[in-house]
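Visitor: Chains A and B supply the protein sequences, listed in that same order. Residues in the first sequence are numbered from 0 upward in steps of one, following numbering that gives the first Met the number 0. Residues in the second sequence are numbered from 0 upward in steps of one, following numbering that gives the first Met the number 0.
These are computed hints drawn from the structure, not numbers from a lab. For glycine and all other residues, C-beta sits at the position ideal for the given N, C-alpha and C. Check each hint, because a few of them may be wrong.
List of simulated lysine to any residue pairs, SDA-like, C-alpha gap at most 20 Å [unchecked claim]:
#1 A:K69 with A:D58
#2 B:K31 with B:Y99
#3 A:K69 with A:G106
#4 B:K61 with B:I28
#5 B:K6 with B:K326
#6 B:K117 with A:V12
#7 A:K80 with A:H101
#8 B:K161 with A:P73
#9 B:K326 with B:W183
#10 B:K117 with A:N5
#11 A:K80 with B:L93
#12 B:K35 with A:P73
#13 A:K62 with B:D38
#14 B:K35 with A:Q61
#15 A:K109 with A:T89
#16 A:K62 with B:P52
#17 B:K117 with A:N42
#18 B:K161 with A:I71
#19 A:K109 with A:P73
#20 A:K69 with A:M100
#21 A:K109 with B:K6
#22 A:K80 with B:K6
#23 A:K80 with B:W44
#24 A:K67 with B:K35
#25 A:K69 with B:I160
#26 B:K161 with A:E43
#27 B:K161 with A:G106
#28 B:K31 with B:R76
With beta-carbon atoms standing in for the labels, derived distance ranges [what the hints assert, rightly or not]:
#29 B:R198 with A:I8: 16 to 24 Å
#30 B:Y344 with A:F27: 24 to 32 Å
#31 A:I107 with B:R199: 40 to 48 Å
According to the in silico footprint, chain B covers these stretches of chain A (three or more CB under 8 Å from chain B) [to be verified]:
#32 48-55
#33 74-85
#34 101-107
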Amino acid sequence: MPTKINIRIVTGVILLTVQVLMVIYARFDEARYFCWAPHDSQNEYAIFATVNDQTLTPDQIQKRYRIKQKGIDPRAIQHIKDIIERYETTYGKDSPAEVIMHYSTNGIEKPSWRWPKT
Amino acid sequence: MSVNPLKIVNNEMEPQLLLTAKAVVLGLICGKYFFKLSDHFLPVWPIFDYLGPPHVFEAVLKVLFIFGCAGILFNCRVRLCCIILGLVFLITPLSSMVSYRNAKVFTGFLLFMIGLHKKGEVPWLVQAQVIILYLGAGINKLFEPDWQTGQYFEHWMHNIIKNPYYINATMLLPPMMLSKIMCWLTIAVEFIFPITLWRRFHVSFFLWTGVLFHGMALILSGDDFGVFSIAVLCSYFSFVKWPELIRVSFNGDNLLHRIAKGIVNVFGFDNHFVWQEQAGGPLVATINSQTHTGTLAFKKMVLYLPIFYLAVAVLISLAPTAALKSKCALLLYVLIFPLPEVIGYLKRKREKA
Numbered sequence: 000m001p002t003k004i005n006i007r008i009v010t011g012v013i014l015l016t017v018q019v020l021m022v023i024y025a026r027f028d029e030a031r032y033f034c035w036a037p038h039d040s041q042n043e044y045a046i047f048a049t050v051n052d053q054t055l056t057p058d059q060i061q062k063r064y065r066i067k068q069k070g071i072d073p074r075a076i077q078h079i080k081d082i083i084e085r086y087e088t089t090y091g092k093d094s095p096a097e098v099i100m101h102y103s104t105n106g107i108e109k110p111s112w113r114w115p116k117t
Numbered sequence: 000m001s002v003n004p005l006k007i008v009n010n011e012m013e014p015q016l017l018l019t020a021k022a023v024v025l026g027l028i029c030g031k032y033f034f035k036l037s038d039h040f041l042p043v044w045p046i047f048d049y050l051g052p053p054h055v056f057e058a059v060l061k062v063l064f065i066f067g068c069a070g071i072l073f074n075c076r077v078r079l080c081c082i083i084l085g086l087v088f089l090i091t092p093l094s095s096m097v098s099y100r101n102a103k104v105f106t107g108f109l110l111f112m113i114g115l116h117k118k119g120e121v122p123w124l125v126q127a128q129v130i131i132l133y134l135g136a137g138i139n140k141l142f143e144p145d146w147q148t149g150q151y152f153e154h155w156m157h158n159i160i161k162n163p164y165y166i167n168a169t170m171l172l173p174p175m176m177l178s179k180i181m182c183w184l185t186i187a188v189e190f191i192f193p194i195t196l197w198r199r200f201h202v203s204f205f206l207w208t209g210v211l212f213h214g215m216a217l218i219l220s221g222d223d224f225g226v227f228s229i230a231v232l233c234s235y236f237s238f239v240k241w242p243e244l245i246r247v248s249f250n251g252d253n254l255l256h257r258i259a260k261g262i263v264n265v266f267g268f269d270n271h272f273v274w275q276e277q278a279g280g281p282l283v284a285t286i287n288s289q290t291h292t293g294t295l296a297f298k299k300m301v302l303y304l305p306i307f308y309l310a311v312a313v314l315i316s317l318a319p320t321a322a323l324k325s326k327c328a329l330l331l332y333v334l335i336f337p338l339p340e341v342i343g344y345l346k347r348k349r350e351k352a
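Next comes chain A alone, as it looks inside the complex (with noise of 0.2 Å):
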C-alpha cells in the first residue's frame, strides 16, 4: 500500500531544513539571513554618498535607501552592504552614487567600505 504523503509535515520540514542549511551556510559568508544571528554583533556606521559630484544629504540617503545615515545596527553589517550594493545594482543603475561607509563593529574601528568596489 503506497505511504500517504502528508503536505503539511513536508513543508515543515523543509522549512526546518532549510534554516539548518543556512545556519551552515552561515559560516562561509559575512551575511546573516535566515540563520538566527540575532543581536551578535553591534554596528556603528555612518554613509556618506554622492551622485553626480552632489554630496547626499542625511534624508536623501534615507530615501534612497530605507536606512538611516547614521545609526547602530545589531545585524551583520554585510546586511547594510547588501541594501547599498543592491540598490545601486538594480533601482539607482541610472544614477549611479559613490558611496564611502564608516563603521566599526563591537566598538573595533573597521577598514571604511566603498561602492563601487575598488
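Go by the hints and put chain B onto chain A.
Guide: Chain B in isolation, oriented as in the chain A frame:
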C-alpha cells in the same frame, strides 16, 4: 465556537499553541507591527518586484495581517489564520532586504509551524523550530571572535545600553572578566537548551532557565527586541502539556479559598477548573496527575489562566520606556519564579535525610 479572545480551548489546535499564537498576536498589535509592514523594496528574490504596484502589495499584506490577527484572537479558523499571518512575516523580509529582522522571521516561522499542527498532535515542528533557533544562535556566537573574548558584551553594555549596574559590577572584577563570563554563559545556555529539550531531560527546569535567560536580557537591556522575546518565551508552551481539567478541592469556610475560587472563576474562561468542596481541608489542585497544595496550588492555577500570559505580553509590549520594560520583566520573573517548588523540594530532601 466562542469568539471570546480569552478562551484557548477549541476544535482545531492544542490550547497551548493557540495561547502562544494569541500572545504573539497581542505583541504584534501592541508593537504596532501593522505600520511596519512595507511595500516590496530591494527584495531578496527579484520576483517580488513584479508583484504589482508597491502600495497594492503593502495593502494586501496589511489586509492579511488584520485578517490573521482577528481570526487568531477571536477563535475563527485559527490554523488557517496562523499560516496566513506566518506567511506575512516570512514574505516581509523576502520582499525587502531593509525590513529583515530576526524578530519578524522567527514570528513568521513560529506562527506558520503552529498552523501546520492539528489538534491532538504533538507539536514537534514547533518544538524543532525552537531547538533550531537556539542551536543556530549558539553556533553563530561560538565562531564570533568578539563573543569569545567578551568584547561584544563589554561594548554593548558600556557604550550602547550604558547599564550603570553592569558598569559598576565590571569595576569590581579584572578587566573584561564579567563580559567574557556573560558571553560564554550565553553561548552555553544556547547550546544546552536544544540538547536538553531534544533529549527531554529536566525540561521544566530548563524552561524556567529560559525564562530567566530572556528575562535577564530584558532587564539588562530594557529592550524586548521587537516581538522577539514574547515570541520565544511563548514558544515554550509547545513543550508544556496543557491540562484538560484541573480538579480543585477547597474549604468553603476559608475566606482565602473562596477568594482564590472567585479569582480563578472570573478569569478562567475555558471552564477547565472543577471545584469540589471539602470541609476543613487545604486548597488542593490536581494538574496533569500532580497534586499541589496551599499557595503552590493557587500559583499553579494562576499559571494555567491564559489571561495571565496575555496580560504579560501586553504589558511588556506597551511599556513605553526601557526602564518600565525591565520592571515588567522583573515582575514577571518574581511572579513565576518556582520558589514554592524549590522550598517543597528542599523540605522533601530534608525529610528523607
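Visitor: Now tell me, hint by hint, if it's right for this structure.
Guide: Hint-by-hint comparison with the structure:
1. A:K69 with A:D58: holds (11 Å)
2. B:K31 with B:Y99: Holds, because 16 Å separates the two Cα atoms, which is no more than 20 Å.
3. A:K69 with A:G106: Judged against 20 Å, a Cα distance of about 15 Å means the pair holds.
4. B:K61 with B:I28: holds (12 Å)
5. B:K6 with B:K326: Status violated; Cα separation ~28 Å.
6. B:K117 with A:V12: Holds, at about 16 Å.
7. A:K80 with A:H101: holds (11 Å)
8. B:K161 with A:P73: holds (16 Å)
9. B:K326 with B:W183: violated (26 Å)
10. B:K117 with A:N5: Roughly 12 Å between the alpha carbons, so the hint for B:K117 and A:N5 holds.
11. A:K80 with B:L93: Roughly 17 Å separates the two Cα atoms, so the pair holds.
12. B:K35 with A:P73: holds (18 Å)
13. A:K62 with B:D38: holds (14 Å)
14. B:K35 with A:Q61: holds (16 Å)
15. A:K109 with A:T89: violated (27 Å)
16. A:K62 with B:P52: holds (18 Å)
17. B:K117 with A:N42: violated (42 Å)
18. B:K161 with A:I71: holds (14 Å)
19. A:K109 with A:P73: Between A:K109 and A:P73 the Cα gap is close to 16 Å, so the pair holds against 20 Å.
20. A:K69 with A:M100: Within the cut-off at roughly 9 Å; holds.
21. A:K109 with B:K6: violated (53 Å)
22. A:K80 with B:K6: violated (46 Å)
23. A:K80 with B:W44: holds (17 Å)
24. A:K67 with B:K35: holds (16 Å)
25. A:K69 with B:I160: holds (18 Å)
26. B:K161 with A:E43: Cα-Cα ~15 Å, so holds.
27. B:K161 with A:G106: holds (13 Å)
28. B:K31 with B:R76: Measuring from Cα to Cα gives roughly 23 Å; hence the hint is violated.
29. B:R198 with A:I8: 16 to 24 Å: Holds, at about 22 Å.
30. B:Y344 with A:F27: 24 to 32 Å: Violated: the Cβ-Cβ distance is about 47 Å, outside 24 to 32 Å.
31. A:I107 with B:R199: 40 to 48 Å: holds (41 Å)
32. 48-55: As far as the region 48-55 of chain A goes, the hint is violated, because 0 residues have Cβ atoms under 8 Å from chain B.
33. 74-85: n = 5 at 8 Å, threshold three: holds.
34. 101-107: holds (count 4)
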